[in-house]
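2 protein chains.
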Amino acid sequence: MVLVCAGHPAVGSVPAVIGRIPVLAVSPVVDSGRWPARCVVGEAVPVRATVFREGHDAVSATAVLTGPDGVLRAPVQMTCLEPGLDLWGADLVPDAEGEWTFRVEGWSDPYSTWAHDAVLKVAADVDTELMLAEGALLLESAGATPGRSPAHERVLAEAVVGLRDTSRPAQARLAAGTSAAVHSALAAIPVREMVSPSAELALRVQRQRALVGAWYEFFPRSEGATYDERTDTWTSGTLRTAARRLEAIAAMGFDVAYLTPVHPIGTTNRKGRNNTLDPRPQDPGSPYAIGSADGGHDAIEPTLGTFEDFDALVAEARRLGLEVALDLALQCSPDHPWVTAHPEWFTTTSDGTIAYAENPPKKYQDIYPVNFDNDPAGIYAEVLRVVLLWVEHGVTLFRVDNPHTKPVQFWEWLIAQVAARHPEVVFLAEAFTRPAMMHTLAKAGFHQSYTYFTWRNTKAELTEYLTELSGDSADYMRPSFWPTTHDILTPTMQYGGRAAFRLRAALAATMAPTWGIYSGYELVENVARPGVEEQIDNEKYEFKARDWAGAEREGRSIAPWLTRLNQIRRDHPALQRLRNIVFHPTDDDSVIAYSRRLTAAQSPTGRPDLLIVVVNLDPHGVRATTVHLDLPALGLAWGSSFVAHDLVTGNEWHWGEHVFVRLDPHVEPAHIVHVRGA
Amino acid sequence: MVLVCAGHPAVGSVPAVIGRIPVLAVSPVVDSGRWPARCVVGEAVPVRATVFREGHDAVSATAVLTGPDGVLRAPVQMTCLEPGLDLWGADLVPDAEGEWTFRVEGWSDPYSTWAHDAVLKVAADVDTELMLAEGALLLESAGATPGRSPAHERVLAEAVVGLRDTSRPAQARLAAGTSAAVHSALAAIPVREMVSPSAELALRVQRQRALVGAWYEFFPRSEGATYDERTDTWTSGTLRTAARRLEAIAAMGFDVAYLTPVHPIGTTNRKGRNNTLDPRPQDPGSPYAIGSADGGHDAIEPTLGTFEDFDALVAEARRLGLEVALDLALQCSPDHPWVTAHPEWFTTTSDGTIAYAENPPKKYQDIYPVNFDNDPAGIYAEVLRVVLLWVEHGVTLFRVDNPHTKPVQFWEWLIAQVAARHPEVVFLAEAFTRPAMMHTLAKAGFHQSYTYFTWRNTKAELTEYLTELSGDSADYMRPSFWPTTHDILTPTMQYGGRAAFRLRAALAATMAPTWGIYSGYELVENVARPGVEEQIDNEKYEFKARDWAGAEREGRSIAPWLTRLNQIRRDHPALQRLRNIVFHPTDDDSVIAYSRRLTAAQSPTGRPDLLIVVVNLDPHGVRATTVHLDLPALGLAWGSSFVAHDLVTGNEWHWGEHVFVRLDPHVEPAHIVHVRGA
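Protein sequence lines correspond, in order, to chains F and E. 389 is the number that the working numbering gives to position 389 of the first sequence; each next residue is one higher, with no gaps. 598 is the number that the working numbering gives to position 598 of the second sequence; each next residue is one higher, with no gaps.
Simulated from the structure, these hints should not be mistaken for laboratory data. Quick caveat, the model's predicted, so the values are computed rather than measured. Cβ coordinates follow ideal geometry from the N, Cα and C atoms, glycine included. Heads up, some of the hints might be wrong.
[What the hints assert, rightly or not] So these bits of chain F aren't anywhere near chain E, every CB distance computed over 12 Å:
1) Val17
2) Asp91
3) Thr113
4) Arg207
5) Arg230
[As the list claims (entries may be wrong)] Pulled a few chain F residues facing chain E out of the computed Cβ check, cut under 7 Å:
6) Arg34
7) Gly55
8) Asp86
9) Leu120
10) Ala124
11) Val126
12) Ala133
13) Leu137
14) Pro360
15) Pro361
16) His404
17) Lys406
18) Val408
19) Ala436
20) Met437
21) Thr440
Take these sequences, add in the hints, and give me the full structure.
Structure representation (structure tokens):
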């Protein structure tokens, strides 16, 4: 396949690559159209293109959206955003899920050409009669365009009469042809010549949750687990006891309850507490070492319960307005049924044994990695069967463990197969890996990706990273921001105390449309296993019974703060988008300021929404500094002031360009300010 | 046309967009393959791609070039340039003109995977026997790959024996399997698994002159023109007298003699001296107001001579090693034969008259612009006929006047038609316009473009602009650097005296593979028409007899400097490339330093070439400062020193990282230093 392509009608024997009016660099586009660009229903998609023409005549452009039904939507007039670069733009807002397309049409604009020239020439009395006559001809023909409203037809007819009225002065005749009424009649249906369409580009429109959500991760077995001190043994929580936790999760405003794997856990080479190799008999094993005599990825660990229990948990979640996400960890304990039924789905070494997972010279003997190459058709189909099984039991999102250790081709296939049957299902990639793989997994189909946010702490780091995430990659990669996970506890979180947990939650919740926390975040669980950036007593290897009620009673829980953040997210569509973040300078590098803005046309509510967030990044001390707001980026004129309503404290201030802020991380680490009526 | 495409074999019913080994962002590529990337014969084309794979196994990549004959060239092993970004690269060097293609193949590298793991595991005595056994199997199979040389077969067979020799210690056996000899045998024909090709991308290979050359522009009528003071009239020079100038042009080392239009000039509304509207009868008119009763673009102004004279001029040029470029100015005097024969090739206003060129409210009544839309087939064919006529008379390059006032689609068609018949013909776009048009003309087929160099004076401006030109746009746009033209005399040139003319020539000649000057540059003609950035007494409207010999005799000519520059350009292939410029910091912003480097593999001579150029940008004063050389960018180790041979003065110095320079613009404005043996 040679990629050189001809897009326009040939002139004689020569294919025309360029149109009569050049239209280039149309976006959003992913890898030149190798994959569709992505958005969600109701999202304002910024369409951009370079459109220009030869000579001095006026050019214009229209963005045209076609629905999954093949029906064109009303074309949108583009505006010239950067005249020097011939950059044009418009927002397109698809209103339903499915496979949409869009194109940009460049066109010659004879009316604007005439109006520009006529104003100059009539003023200089050069070709006055000729210019007025040509204007009349142009508007006469414009009036005859099909589809024009009677009112607009009348406006144009009157303009023609005015232009031809030789009893009036030339300037009056010109004014008749260049009135605001004429402009608005022509804006409704412009006179378009030499219309030159770009290629039709694909735009995949997915449901809201593919972009927006607050996730809460927990280990179902820990919820309701009980410890018997006498025997030093635990009784596992069950899906039934775990379901009781859902009410609190929903009350905190989360949208998604994400369960770590619920499948049977292997016993061969089971890991003990803190990843040790000598487990006690009562250690429950890692739920990521999947598979035992009780079944594999399509089964439920018996101590957790049954599919009936699982269905009940899902039903309870739905009652509370929560969706259920399940971990998809494609690796097997040596006891997994696949190992005997399908040894070809693993790697057999030359001595006939199945290869363990390893990071040479280290081996992970509780795990066999799946080999996707020996029998791709077989293993692909089996994983699809597993995923569809859980979808049938109500799982609508999958958090995919280590997708970067499996072939990208496999994910592309799997997600396409699932989407063909259940387009609502969302896949979140735990792709904590290098950028190329992370981005390619997103292009290949993952709806969301974990990100480097977890390790971005300073103002410079956050500004650079958010600028990147909200730029071109927003066309395909949707970030999910997690301050911690069950495997990651960064130094910032280890040493920043409660303030760090509160401020990092505020950043995650207000910087990205999707964020999540791992259970225990409310309790500021910040003790690390010495020497590693991971919680001590990792819940993967043991039960954790948490005293939620006690912590709330004693004021140790930051659940109220998380609840407030989630409520603000729900109330404000500007926080439910990715591309609309703008950073504002602050004098102190420990204080970061950014705004999130949707115009009325960009907002699904039809009302504008503008938030300004100021966060003290220093969990150890009070910071007082000045924030310098880029007022035009807020849609405000330089020099203007406005009422800033703090959604955290309820305070109101008058803010202008230069704002003094003082943030005590031990009281409130952030201002989240709503600008009413902006 | 929807641009989403599937590039790889489907798995079941799902087309795989991604290959088994992901290969993304392959370059050079122009607008996603909408047009072919461009290079010249023998140019080292930097191929880049993002190649990676899942998990921890080793990956590698090969760049594969296919000639216009459809025959694959020897594949080139790529190297990982940026491991964190999974960026791979290699140079490909096409050795003939024509339509080539290339692709990047990503592949799994089982030998590197094994070697990496075996070294770690054998050292830790984990699976020692297994690892040695697997290495033996791998090399056994590698030895059987077809095409391997007997010597390499022997190396691999011995390695297998060594790996299996249980009488030796494990480390010795491992060493047998990981020796340098084994590596080099496998480098010749690697063990490649899961080979995943990118799309095949187009690479148009053109002749050297499309990229490299020194142009000399002159008005043929001025050469040999004589003035009679008594009658205040001029006798025009002719093509015969103009041909006498060619020897000096060739002696200065120029490659191309570019003639302004030689066609009959209209008399209707002819312009007088300095663009005035009231010419004297003896004024010759602008050669850009083409066409009279004597003919149009396919004719020669009678006072200049005949086609026989033109042919003689071309023959003389060829004898001197010069090529002839002709102006292609597609506009007509009202007296042009097309006006009566084809009024539809112009714009008729509603009063029945043909529209003049204008910039409202100003009109240019000596010119009718061509309208390409009324009868595209007719006008396109006629221009093609005209161009081919001149090609038949030996013109091999066209300098296209104001291409940005004609449809891009027309140029794409015209250049393709000419290339199909005469691939050697080069088109230079005088696209002094906004970037989008300038770049698109290049993409659509122009071999070269005038640039903003003419207005880039400071170190920051030049650094930014050259960084841009030598970056991605080098895949399609080849810049031509002109310090002045017959229409442009910037303030720098007006006020910088002889020093400015010398230093700007040095910059143009050493920064870009193609540069040019307009006749009179040698004489430092720097007087402007008051208030405009243009020469006074513009040669477009009058004759200019220049006393070349007198100027040289009196030392007023900078021809020796231009000659030196062109000689250095010819001697040094590093100056004949675009992508190889690197800037080095200097302490004084009035001094710019840059290097041009080709490795032996990148150089058409097979020998490395390294130049360091240091220019004093201040034409008014001596500047002494320190240049800080980025030694690794020169292929040298930090801390090393080298002999710097100044090609301007013949001086030799020992240079290292920090170099003190002192440049007097009135003596030598530049060091052009050759680093021998670098």
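Do the hints match the structure? See the list:
1. Val17: 6 Å, violated
2. Asp91: 21 Å, holds
3. Thr113: For F:Thr113, whose nearest Cβ neighbour in chain E is about 10 Å away, the distance does not exceed 12 Å, so it is violated.
4. Arg207: At roughly 21 Å from the nearest Cβ of chain E, F:Arg207 sits farther out than 12 Å, so the non-interface label holds.
5. Arg230: 42 Å, holds
6. Arg34: With Cβ-Cβ at 6 Å, under 7 Å, it holds.
7. Gly55: 5 Å, holds
8. Asp86: It holds, given that the least Cβ distance between F:Asp86 and chain E is near 4 Å, below 7 Å.
9. Leu120: 4 Å, holds
10. Ala124: Interface hint status for F:Ala124: holds (4 Å vs cutoff 7 Å).
11. Val126: Result: holds, 5 Å to nearest chain E Cβ.
12. Ala133: Holds. Min distance 5 Å.
13. Leu137: Nearest chain E Cβ about 6 Å off; hint holds.
14. Pro360: Holds, about 4 Å.
15. Pro361: 4 Å, holds
16. His404: With Cβ-Cβ at 6 Å, under 7 Å, it holds.
17. Lys406: 5 Å, holds
18. Val408: Status holds, d = 5 Å.
19. Ala436: This interface hint holds because 4 Å falls under the 7 Å limit.
20. Met437: 6 Å, holds
21. Thr440: Constraint on F:Thr440 satisfied, holds at 5 Å.
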